[in-house]
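Now for the letters of each chain:
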Amino acid sequence: MEPALVLENISKQYKSVQAALGVSLELRPGEIFGLIGPDGAGKSTLIHIAAGLLDPDQGKARLFGVDVSKDPEGIKPLLGILPQGLGLSLAQELSIEENINYFAEINQVPQKERDEMKEKLLTVTQLAPFRDRAAKNLSGGMKQKLGLCCTLIHSPKMVFLDEPTTGVDPISRRDIWYLINKIIKERELTIFLTTSYMDEAERCHRMALMHQGQVLALGDLEQLIAQTEGKLLEIHAQDLQGTLKGLKDAPGVRVMYPMGDKLNALCTGNGTGASDLAAFAAGRNITVERIEEGRPTLEDVFLSKVLKESGGVNQKALEELFGGGEGARSSSEDKVIVVQNLYKYFGKFAAVHDVTFHVKRGEIFGFLGPNGAGKTTTIKMLCGLFPPSSGSGTIVGLDLMREQMKIKKSIGYMSQKFSLYRDLTVGENIELYGGIYGVSPVELKRRKSLILQIADLEGKDRAITDSLPMGIKQRLALGCAIIHKPEVIFLDEPTSGVDPIARRLFWDIIFFLSRQLQVTILVTTHYMDEAEQCDRLSLMHLGKLIALGSPQGLKSEIHKEIGAMLEILVDAPFEALEVVSRAYPFCNIFGRTLHLYTPDVKRTQDTIGSLLGEKGIQVKEVRTRLMPFEDVFVYFCEKAEKEGKKE
Amino acid sequence: MKLSFSFRRMSAVTRKEFQELVRNWMGFLLSIVSPIILYFLFAYGMPLDVKNIPMVVLDEDKSSESRALIDVFTNSQVFELRRMVGSSGEVDRIMRLGEIRVCLVIPSDFSRKIRQGMRQEIQVLVDATYPNRAAIMAGYVDAALADFSETRVKALLVRVMGGGGEGGLPVSMLTSAWFNPTLRSEDFIVPGVIAIMLIFLPPILAAISISKEKETGSIINMLCSPVSKAEYLVGKMIPYIVITYGNFLLFLLFTVTIFKVPLRGDLFLLLGVSLIYAVSVIGIGLLVAVLVGNQISAILIVAVATLIPSFMYSGFLLPTICMDSTARTISQILPPTHYIDFIRKLMIKGVGVLYLQSSIVMLILIALVLFGLSIALFKKKLS
Chain E
1 MEPALVLENI SKQYKSVQAA LGVSLELRPG EIFGLIGPDG AGKSTLIHIA AGLLDPDQGK
61 ARLFGVDVSK DPEGIKPLLG ILPQGLGLSL AQELSIEENI NYFAEINQVP QKERDEMKEK
121 LLTVTQLAPF RDRAAKNLSG GMKQKLGLCC TLIHSPKMVF LDEPTTGVDP ISRRDIWYLI
181 NKIIKERELT IFLTTSYMDE AERCHRMALM HQGQVLALGD LEQLIAQTEG KLLEIHAQDL
241 QGTLKGLKDA PGVRVMYPMG DKLNALCTGN GTGASDLAAF AAGRNITVER IEEGRPTLED
301 VFLSKVLKES GGVNQKALEE LFGGGEGARS SSEDKVIVVQ NLYKYFGKFA AVHDVTFHVK
361 RGEIFGFLGP NGAGKTTTIK MLCGLFPPSS GSGTIVGLDL MREQMKIKKS IGYMSQKFSL
421 YRDLTVGENI ELYGGIYGVS PVELKRRKSL ILQIADLEGK DRAITDSLPM GIKQRLALGC
481 AIIHKPEVIF LDEPTSGVDP IARRLFWDII FFLSRQLQVT ILVTTHYMDE AEQCDRLSLM
541 HLGKLIALGS PQGLKSEIHK EIGAMLEILV DAPFEALEVV SRAYPFCNIF GRTLHLYTPD
601 VKRTQDTIGS LLGEKGIQVK EVRTRLMPFE DVFVYFCEKA EKEGKKE
Chain A
1 MKLSFSFRRM SAVTRKEFQE LVRNWMGFLL SIVSPIILYF LFAYGMPLDV KNIPMVVLDE
61 DKSSESRALI DVFTNSQVFE LRRMVGSSGE VDRIMRLGEI RVCLVIPSDF SRKIRQGMRQ
121 EIQVLVDATY PNRAAIMAGY VDAALADFSE TRVKALLVRV MGGGGEGGLP VSMLTSAWFN
181 PTLRSEDFIV PGVIAIMLIF LPPILAAISI SKEKETGSII NMLCSPVSKA EYLVGKMIPY
241 IVITYGNFLL FLLFTVTIFK VPLRGDLFLL LGVSLIYAVS VIGIGLLVAV LVGNQISAIL
301 IVAVATLIPS FMYSGFLLPT ICMDSTARTI SQILPPTHYI DFIRKLMIKG VGVLYLQSSI
361 VMLILIALVL FGLSIALFKK KLS
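Heads up: the sequence lines are chains E and A, in that order.
Quick note on this note's numbering: the first sequence kicks off at 1 and runs consecutively.
Quick note on this note's numbering: the second sequence kicks off at 1 and runs consecutively.
For reference, chain E alone in the conformation it holds in the complex (with noise of 0.2 Å):
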């Protein structure tokens, strides 16, 4: 069978950045082919070579046996694109209709095949009631599924879609998901996509790992799991970041990194064994729960490959910022965050509706929601920049309604969008923000090279912010953000993007900062991973606050109500979903398995497997797993829209 695509040896370079080098690739029709890498790994320079929009350096491209850069005219009209960011590539102030319509006319397409294609997509992507609202006026996880109803209009023999779920809330994640696996099941097409979300690799056929422009790993979620160097060993303890600390040196481990409820820890080949490493803890002092064998995520495939030597956190120079000097706390309140019956109203919109909970000191607080919950809003009105519509609430004290200036004093606020100057050097963004909180000349010396340390950017205070990599300028926004010592940081998805090592850096730091400095953190995040490791967490859907608890809490509390989860391998995942999804309402597509939700766990793996077979589908394999995070955020926000709609 011809390859849809070949990519031969490709390399691109942009004046200082190696955006490809040496890539080779093959897809085959009718697959579903990730590009799994951070930020600036070089992934949608190869759509764009492959598309024909960008001459490699070196190397060819091919799609369908024909040479992109030979006949770019020659390939399009097979081609489907969805560029990068969220509702980028829409018209706008045009409505859903208009957008897909005008996207039909482009590739003219007959009216006649174009109006049952229109209703077939708003159909499965549930945007039909929507039709006549204007793209600018739309969520961003609908933006995008807009967005592939357009790339997909005109029946498209290869479609590649760059970072398809990027900033997008897990439901609208889903949604997107089970679009891009109906299409590929009802119509000859090969899917090219790429993702920073290590999770989503599982739903692709088959996959490469990138990383700085080169291709750590390629094959399916098997092929790539058996390369992982040596064996991964889970660590399960209540003080996870004491266990960090205390094993990470241990021997034959290679690394350590928390991994949801667990610390995940890598380790050389034969060396070292879960009981060996039970000997040692119990050497230490350091109570664990238990240490298992375990089976590597892509995540541990990524940071086996990519593995360095990495600075860890500068603690010192945390603490000497922290510690010492002007700027002392401002009160003993152990309730850092207070917040009652919160509302705010855009006209007659209530963007926050009824909210109330609070924050204790030294806490790590997740704040998740869907796209346009109303996150950033309460944040907002957390921060001082608008005042709440009515409802009550103090920081460090200090009265949501009257303090406001004095609030803005005592936290720190970074968003992954606008914390820093981009064409300023570093040394004069920290400045600058010195300079905002009023910070002395001479402390801010001080601070600053402090600052550096905290960044791993020591030496380099005259390097243009913009030319930094994601990672190294996000600890440089939280340094920033944290030069006037607050008591309280407000993160607002600070990791968007970012490498999985140096996410794991800077989830690091705000460890230490809440641990050993008690400095109160409130993120909120789209990584589930991340979510896991927060204290507790909030859930915000429609304005309102519909789950609060630990991440474990919530886990039992849906434990309760819908039971364990199974996942059964299939050789028709969607006639097999139509089939179970009628007696188990809690039940999912994932890439080529079913998830389901059981109260009785034994008895449906022994009638799963009849159930199916009446309908001719073949079960290969069934397994209890570990419910993941996502499922508790999807699980609640289906309640709630469940309820919303009763009422």
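Some clues are possibly wrong.
[Claimed, not checked] Here are the simulated lysine-lysine pairs, DSS-like style, with alpha carbons at most 30 Å apart:
| hint | chain 1 | residue 1 | chain 2 | residue 2 |
| --- | --- | --- | --- | --- |
| 1 | A | Lys229 | E | Lys112 |
| 2 | E | Lys118 | A | Lys229 |
| 3 | A | Lys381 | E | Lys157 |
| 4 | E | Lys120 | E | Lys76 |
| 5 | A | Lys214 | E | Lys157 |
| 6 | E | Lys555 | E | Lys248 |
| 7 | A | Lys380 | E | Lys70 |
| 8 | A | Lys229 | E | Lys76 |
| 9 | E | Lys639 | E | Lys120 |
| 10 | E | Lys406 | E | Lys380 |
| 11 | A | Lys214 | E | Lys15 |
| 12 | E | Lys70 | A | Lys381 |
| 13 | E | Lys157 | E | Lys112 |
| 14 | E | Lys645 | E | Lys120 |
| 15 | E | Lys615 | E | Lys602 |
| 16 | E | Lys60 | A | Lys379 |
| 17 | E | Lys118 | A | Lys380 |
| 18 | A | Lys379 | A | Lys212 |
| 19 | E | Lys245 | E | Lys316 |
| 20 | E | Lys555 | E | Lys231 |
| 21 | E | Lys409 | E | Lys316 |
| 22 | E | Lys76 | A | Lys381 |
| 23 | E | Lys76 | A | Lys214 |
| 24 | A | Lys212 | E | Lys15 |
| 25 | A | Lys380 | E | Lys15 |
| 26 | A | Lys214 | E | Lys136 |
| 27 | A | Lys379 | E | Lys136 |
| 28 | A | Lys229 | E | Lys70 |
| 29 | A | Lys212 | E | Lys70 |
| 30 | E | Lys560 | E | Lys646 |
| 31 | E | Lys460 | E | Lys245 |
[What the hints assert, rightly or not] Over the 12 Å line for every Cβ pair with chain A, so calculated as not near, a few chain E residues:
| hint | residue |
| --- | --- |
| 32 | Gln18 |
| 33 | Lys112 |
| 34 | Glu116 |
| 35 | Leu189 |
[Unchecked claim] Facing chain A, a subset of chain E residues (Cβ under 7 Å, in silico):
| hint | residue |
| --- | --- |
| 36 | Leu53 |
| 37 | Leu79 |
| 38 | Ile81 |
| 39 | Gly85 |
| 40 | Leu88 |
Derived from the structure by calculation, the hints contain no laboratory data.
Source: prediction; values computed, not measured.
The beta carbon of each residue, even a glycine, is placed where N, CA and C say it ideally should be.
For chain E, the structure is supplied; the task is to place chain A on it using the hints.
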């Protein structure tokens, strides 16, 4: 590469661009209204006539002769006598304040010398902050004094020769201003304002529409589609050509009704050539947007390339005949040069196509070159 042009694809681009433009009503309103505001600012603010010059008089003579001289000034519409002043110190002060542009100082022996038939020099102080204006004002003062002198000479002749002397001075000039008999500066300025107002904002809007797509990345969808370069670029520019033309129609209406500039030539010729002009100005925005990648540079480059050169070199203020050869070369590549020449000749002189063909040919040429070059230079690639 196959050369194909699909009208359907192009009109899809045009329709979408129109819808986006109109729905963003604030932007749409601005694109229509701001040229109108600018038009009125220019049309009212630009007239070059000097009228109602504020003046004061220091009359140290206070005789019937001095009063007769002052009357010559007050009777003209050019000067507006604000008041009489008492001392030269005061003259100095109020000239510094800038309220007064001209001061007439009549010396104390004025009437005596006049009566004795002696030559008398009069001191006239002119505010020369703006040299151009000062020269015009000095000219008017000169004319007023000549008028006074002529009356005196006539009176003297009558007295000496006893009757006769109606002939006045032996030679005098009788100017006949063709095409603009009353020398109204509006007739000269306002048609030019139409050209200048259309060269500035519309190409900026046009350039933004493309560079915005480049900036957000939405252009990627177009680059990956079967849309040809010409379909995309022309399709995208049509709405802006229409807006520009709509602006032109409004301006023409104002020019004829409010500013009462005569329209002596063929209306349909004017409408046709103005469409070509609209295409050529949008072509400037298009070319810039094709060449640069982001909105800010596109705006700045269009502004720099259009407004000032059009103002200085297009013949809007200064006839191109008066320019040196470099300036004249620059003027030849600017669409407004040819359009201003065309519209002035057509509206004021009322001449036919025979006298206008060089301007028309140049406009068509410029429009074709701008669009042709843009399409040739546009790459269906990312840079």
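Violated constraints from the hint list, given by number and in increasing order:
Every hint satisfied by this model.
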